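Construct the entire structure; sequences and hints are all you get.
Quick note, the sequence shown lines up with residues 0 to 49 if you use numbering that gives the first Met the number 0.
Just so you know, the hints here were simulated from the structure itself, not pulled from any lab data. For clarity, every value in this text was computed on a predicted model and none was experimentally measured. Cβ atoms here follow ideal geometry from the backbone N, Cα and C, with glycine treated the same way. Heads up, a few of these hints could be off.
[Said to hold, decoys possible] Listed next, the in silico DSBU-like pairs over lysine-lysine satisfying Cα-Cα at most 35 Å (straight line): (1) K34 to K13; (2) K29 to K13; (3) K30 to K13.
[Unchecked claim] Label pairs and their computed distance ranges (CB to CB): (4) L20 to I45: 44 to 50 Å; (5) L20 to Q42: 30 to 36 Å; (6) N11 to R39: 40 to 46 Å; (7) A14 to Q36: 31 to 37 Å; (8) D18 to E40: 29 to 35 Å; (9) S6 to K30: 54 to 60 Å; (10) I45 to N21: 35 to 41 Å; (11) K34 to K13: 27 to 33 Å.
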Amino acid sequence: MFGIPLSNDLINDKADSMDQLNSVLGGLHKKVQFKGQILRERQSDILLPH
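Right, here's the structure in full:
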């Protein structure tokens, strides 16, 4: 009886930390995409004749 609530708590903790990790990774992914977009725009500015 004691083992079941304990394991449920552990599972919930794992789920919470996975959610946090996923949101962090999602934020990083957006930052990387944004930086890539800026770099591409700069490259096209450099390559295009003014």
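Hints breached by this structure: 4, 9
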